[in-house]
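Engineer: Below are the chains, spelled out letter by letter.
4 protein chains.
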Amino acid sequence: MHQKNIMKALVYHGVTKKSWEEKPKPAILQSTDAIVRITKTTICGTDLHIMKGDVPEVEDGRILGHEGIGVIEETGASVTAFKKGDKVLISCITSCGKCDYCKRGMYSHCENGGWILGHLIDGTQAEYVRIPFAENSLYHIPEGSDEEALVMLSDILPTGFECGVLNGKIQPGSSVAIVGSGPIGLAALLTAQFYTPAQIIMIDPDDNRLEVATKFGATHIINNSKEDAVEKIKALTNKKGVDTAIEAVGVAATFELCEDIIAAGGVIANIGVHGKSATLHLEKLWAHNITITTRLVDTVTTPMLLKTVQSKKLDAKKLITHHFKLSDIMNAYETFGHAAKEKALKVILSNE
Amino acid sequence: MHQKNIMKALVYHGVTKKSWEEKPKPAILQSTDAIVRITKTTICGTDLHIMKGDVPEVEDGRILGHEGIGVIEETGASVTAFKKGDKVLISCITSCGKCDYCKRGMYSHCENGGWILGHLIDGTQAEYVRIPFAENSLYHIPEGSDEEALVMLSDILPTGFECGVLNGKIQPGSSVAIVGSGPIGLAALLTAQFYTPAQIIMIDPDDNRLEVATKFGATHIINNSKEDAVEKIKALTNKKGVDTAIEAVGVAATFELCEDIIAAGGVIANIGVHGKSATLHLEKLWAHNITITTRLVDTVTTPMLLKTVQSKKLDAKKLITHHFKLSDIMNAYETFGHAAKEKALKVILSNE
Amino acid sequence: MHQKNIMKALVYHGVTKKSWEEKPKPAILQSTDAIVRITKTTICGTDLHIMKGDVPEVEDGRILGHEGIGVIEETGASVTAFKKGDKVLISCITSCGKCDYCKRGMYSHCENGGWILGHLIDGTQAEYVRIPFAENSLYHIPEGSDEEALVMLSDILPTGFECGVLNGKIQPGSSVAIVGSGPIGLAALLTAQFYTPAQIIMIDPDDNRLEVATKFGATHIINNSKEDAVEKIKALTNKKGVDTAIEAVGVAATFELCEDIIAAGGVIANIGVHGKSATLHLEKLWAHNITITTRLVDTVTTPMLLKTVQSKKLDAKKLITHHFKLSDIMNAYETFGHAAKEKALKVILSNE
Amino acid sequence: MHQKNIMKALVYHGVTKKSWEEKPKPAILQSTDAIVRITKTTICGTDLHIMKGDVPEVEDGRILGHEGIGVIEETGASVTAFKKGDKVLISCITSCGKCDYCKRGMYSHCENGGWILGHLIDGTQAEYVRIPFAENSLYHIPEGSDEEALVMLSDILPTGFECGVLNGKIQPGSSVAIVGSGPIGLAALLTAQFYTPAQIIMIDPDDNRLEVATKFGATHIINNSKEDAVEKIKALTNKKGVDTAIEAVGVAATFELCEDIIAAGGVIANIGVHGKSATLHLEKLWAHNITITTRLVDTVTTPMLLKTVQSKKLDAKKLITHHFKLSDIMNAYETFGHAAKEKALKVILSNE
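Chains as they are written, first to last, in my numbering: chain A, 17 to 368; chain B, 17 to 368; chain C, 17 to 368; chain D, 17 to 368.
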């Protein structure tokens with residue numbers, strides 16, 4: 017049992033160092049804040065990047081995590097949409113709701129928020145978290161919801177859907193290739209099916225992931241460590257290429273593969289987090305009427321996704337492969353950090 | 017006076033070689049063809065590229081030119097929309113109207129046409145030209161039109177409008193930068209004003225061209241041989257960059273400049289014809305919610321542009337700086353080939 | 017066995033009168049025509065309207081029918097996309113591909129075509145039919161297709177999809193009501209699922225039709241002869257009404273029901289063929305940010321629908337309840353004319 | 017000089033009764049409120065409707081007015097975007113920024129706001145006003161702005177633009193008819209020009225208003241008390257009708273006129289406030305591929321309109337015909353109430 021105002025949390029202590037340790041319980045700082053008691057959270061590929069030092073603005077002492085669900089513990093004076101005891105979904109993106117970007121639906125670029133949880137302020141891999149601008153950054157969880165499934169709505173499903181599927185303009189009968197069959201590529205695969213494309217071709221060098229993709233609804237799979245993806249896609253698409261190519265890895269080679277497989281008039285939708293530039297073959301593409309999009313998830317589609325989960329049109333739970341207690345998070349990181357070996361997609365950490 | 021079935025034409029004879037010479041007058045080959053007597057034509061930057069050998073598929077003996085207006089001389093058996101004597105505008109893009117691409121409005125990728133005039137078949141820098149799929153590739157010229165102005169609708173205005181302005185999603189009150197103030201950049205400038213942006217910033221290293229841009233409606237000009245375009249644009253846009261950046265040059269440096277000046281949520285619309293790849297800075301752009309588009313002009317907006325010219329909303333004639341007789345085309349090439357020195361934008365070649 | 021140039025056809029002879037009789041086999045009249053030997057056709061609700069005299073422009077002696085598939089028998093001189101022996105799908109809408117409306121994708125308003133088959137020219141309920149503008153009005157049938165299913169692509173599926181689903185802007189997670197569970201309402205129901213709405217509520221006074229709707233994917237059904245549709249929809253939608261209301265009957269009462277159940281910000285998409293005006297309650301709707309659309313099917317989505325059928329995303333065959341030989345068409349009319357009693361949706365007439 | 021906490025305001029006292037009288041100065045009620053000292057306000061046609069009793073929910077004692085600019089006097093505890101002394105534009109629509117409707121950009125249907133100023137809570141025709149949800153309902157006025165012009169951005173210009181121009185999908189080269197040349201029709205006329213239509217035809221029975229319309233940019237005018245508007249529009253549009261018809265009156269006859277003049281494929285955009293139903297001629301329109309829209313202004317385009325005013329693309333001031341002191345508002349109502357006789361469009365009431 018904890019002392020009052022003390023909680024346990026997963027704390028970053030510089031490259032490769034983290035610990036599950038005691039930290040002060042967060043308190044309301046602004047009238048628009050809410051304190052949420054975390055009931056379920058998870059680990060994101062981005063958390064692994066932080067641990068490797070790829071996100072240098074994360075400071076020693078920072079509590080990680082930007083996903084999860086929980087229960088309202090306390091609200092700031094101006095919060096009326098939530099009250100103590102309400103079950104809530106936490107968005108990975110904090111939105112003030114009032115800046116120019118928020119008004120345009122670009123919450124990712126919110127001048128007062130954006131991706132700050134577990135990044136610039138303390139995050140959700142803890143017993144409690146402070147959520148700024150609670151009314152625009154939390155969502156009520158409907159009665160009778162499958163709460164584990166909803167953890168997938170904090171980040172991974174809106175990311176796959178907004179950056180990949182919506183930006184990719186997928187349409188009934190169209191052809192789609194998703195390069196990368198990790199959790200984020202699979203999230204795109206699940207939500208791509210909202211629009212009933214004729215073909216969804218998953219490309220990955222890992223046979224296990226491709227097998228998962230087939231179970232999740234891929235119509236074709238290509239192991240690009242063994243097969244020539246460009247040739248195979250041309251064969252599947254009457255030599256024209258795909259209408260939508262979704263990049264879900266984050267390196268130059270996979271982006272450039274998208275350039276090679278996109279049909280005239282098609283869209284390359286980038287989801288991957290890139291650390292380096294890629295070569296854009298304008299000498300070929302300038303005349304091909306293509307569109308390339310990039311996007312940091314805005315989570316503007318969270319209300320829509322909630323409806324699809326509730327109406328059982330989206331089985332978000334499929335992405336969950338492992339369960340841990342929140343207090344066992346150090347082991348969960350170990351498992352998630354060896355995702356291929358462990359056949360891990362998303363892990364659920366429970367604090368109940 | 018010519019012999020029957022003989023005409024004069026500008027003929028390509030391999031890199032740097034051309035002549036104004038006699039050629040057989042074209043004849044109907046397909047029931048969907050029309051023969052047009054050219055009354056006015058012009059020279060395109062692309063014709064200069066052909067002369068330099070940049071378009072190797074153009075064969076020795078080819079008549080150049082893909083722009084112009086004229087009078088119907090003869091029609092194939094299935095042509096009902098045009099008859100001998102009709103005044104017509106020739107589109108630079110030949111559209112069959114029946115392939116998948118044409119049905120989707122992507123005439124540039126027509127499986128039976130596309131850009132073929134003065135490229136894969138004989139073109140418009142001649143006294144007569146054969147136009148395949150006449151009903152989908154010619155437009156009636158309304159009574160009382162300014163015919164010189166309409167020559168600008170064959171290629172340059174739809175190119176600036178479709179590839180730059182429409183793809184660039186210009187909106188009332190938005191900020192636009194156009195990199196390159198040559199004829200094509202100026203065509204984008206003229207048609208960008210259809211959507212009433214607050215700022216149109218022209219960037220070019222030639223002061224004369226920037227002066228023209230100011231006369232054509234640019235709100236700001238930047239000589240990027242003397243000034244730091246990125247700094248100046250940040251200063252003009254509250255440090256955010258522009259909502260739309262239009263690339264109208266066709267080299268990597270100008271495309272990469274667009275990457276540096278685009279605001280989060282913005283669109284880079286490429287018009288330039290590129291011979292080499294560019295570096296795409298995904299390490300920065302992946303999270304900026306931007307869109308990049310490429311396009312070969314489809315000329316689907318020709319009917320719309322005709323209405324704007326006729327209602328005097330678009331003063332297409334502004335782009336014309338020089339006039340020649342068609343028979344004087346060798347001199348016209350000389351002038352147009354030294355555009356900066358001659359302060360040339362578009363030349364009109366008359367055959368009347 | 018027929019004499020040369022004689023065929024059998026279903027001929028209209030004025031209100032309530034029709035017969036299966038000998039007619040001259042059609043011949044090529046224009047170079048853009050094709051003659052198609054019908055292999056399968058069907059009867060449309062519109063054919064029943066013609067028989068009742070509701071479509072007075074149909075003349076005595078007209079062969080009815082505007083749906084079907086067949087085999088190319090002969091082509092006009094300028095037709096290159098089809099050749100004798102090709103299997104083809106006939107669109108109910110004839111498109112010249114070259115008028116302003118066709119270029120805008122509004123084939124229904126084609127200045128040289130539109131709905132003319134079995135209306136202003138002889139139709140498909142015959143052994144042979146002449147199809148004007150064959151290249152824009154016929155579609156190749158891919159190898160291995162289920163040909164009966166494709167008969168549903170001539171009219172009913174594009175009608176439900178274009179007029180109801182696309183115009184209705186159905187989105188993942190949204191709520192949809194379809195008023196009328198006859199063949200056209202069911203076509204909208206089938207294609208609405210392309211966009212994964214959370215709710216599809218079918219409304220009809222016939223329990224059998226509602227039972228079919230449930231099998232076809234309706235999430236809720238309302239028998240509006242027994243229940244208060246407005247109240248029930250309010251209960252299903254948090255009192256807000258539906259995001260999309262599709263009118264699939266064609267009388268004022270059902271259109272006005274749509275006005276009563278539409279949510280603020282929603283779309284009423286009319287499919288029904290109306291003979292009388294309706295009351296538009298602007299005193300309520302002026303401030304509700306709603307959209308109302310009307311449309312005669314354009315069949316611009318036929319290529320998209322073909323892909324959904326081929327990739328088994330759309331089971332078009334579900335709409336077929338009865339089979340007859342083409343020569344037994346008088347009986348087929350009898351059955352289709354008593355659709356409720358016969359539990360008939362679409363009938364297939366085979367000529368093989 | 018007033019006593020502390022007392023101010024003057026225009027107060028509604030039941031049908032036809034109003035007075036300029038003392039009222040308590042408003043105070044902050046919620047942490048999201050701001051108190052604004054009004055510097056300029058105006059009178060809306062809706063205020064006249066209230067005086068006639070057409071808006072029965074307005075209670076005796078209510079301060080009228082929903083437009084104006086002013087200076088922040090005091091802010092609630094959670095307001096950070098504005099501080100005392102800031103110059104602000106007041107939107108006629110109060111937006112909480114956090115409900116489902118606000119997140120979808122439908123501020124008009126805000127569950128905690130919407131049109132409440134001078135309607136359900138005290139309004140702007142006073143020395144001070146309380147603005148709920150200040151951060152989403154006020155806009156900073158840029159330095160050097162023409163403040164009178166900005167009063168036109170509170171309601172009339174976003175109304176004409178959003179309900180008429182944006183909903184009407186006006187495009188370069190298209191044809192537009194605006195039925196009603198009062199202030200709201202003229203606001204649509206001014207902002208329609210953002211999209212460079214070829215024709216803007218104004219229809220009104222008052223020659224003076226039509227003369228104003230000509231000055232404001234109408235390309236054609238029709239006095240429908242003297243001329244047959246339908247015939248004249250057919251003559252102007254090649255018998256096709258207009259692409260966009262904007263209803264800016266609010267009675268059945270003008271809405272039905274829009275039905276008569278709309279081209280196939282066109283849009284009827286309703287702006288008018290209707291008290292009665294209209295007849296929708298579905299027997300004609302069902303097959304004409306038209307769209308009808310209704311909308312209560314959302315004021316989502318206020319930031320865009322601010323940019324067009326600042327960049328001098330929109331001369332909002334043109335709508336102002338009369339000036340009064342705020343204390344002289346009873347006379348201003350008199351003038352505005354006889355708009356035709358007084359040739360009044362918008363009046364400015366100054367409190368400086």
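Worth flagging that the hints you see were computed from the coordinates, not collected in a lab. A hint or two may mislead.
All copies of an identical chain are treated as equivalent in the list; a pair is satisfied when it fits inside any one copy or across any two copies.
Stated by the list, open to error - Straight-line alpha carbon distances no greater than 30 Å define the calculated BS3-like cross-link-like pairs of lysine-lysine that follow:
| hint | residue 1 | residue 2 |
| --- | --- | --- |
| 1 | K68 | K99 |
| 2 | K119 | K103 |
| 3 | K292 | K39 |
| 4 | K256 | K341 |
| 5 | K68 | K33 |
| 6 | K255 | K329 |
| 7 | K255 | K119 |
| 8 | K119 | K357 |
| 9 | K255 | K100 |
| 10 | K242 | K39 |
| 11 | K185 | K341 |
| 12 | K300 | K20 |
| 13 | K39 | K231 |
| 14 | K231 | K359 |
| 15 | K256 | K33 |
| 16 | K256 | K119 |
| 17 | K256 | K41 |
| 18 | K248 | K119 |
| 19 | K255 | K99 |
| 20 | K292 | K248 |
| 21 | K328 | K292 |
| 22 | K256 | K328 |
| 23 | K100 | K256 |
Engineer: Which earlier hints turn out false for this structure, listed by number in ascending order?
Structural biologist: 1, 3, 4, 8, 10, 11, 12, 13, 15, 17 and 21
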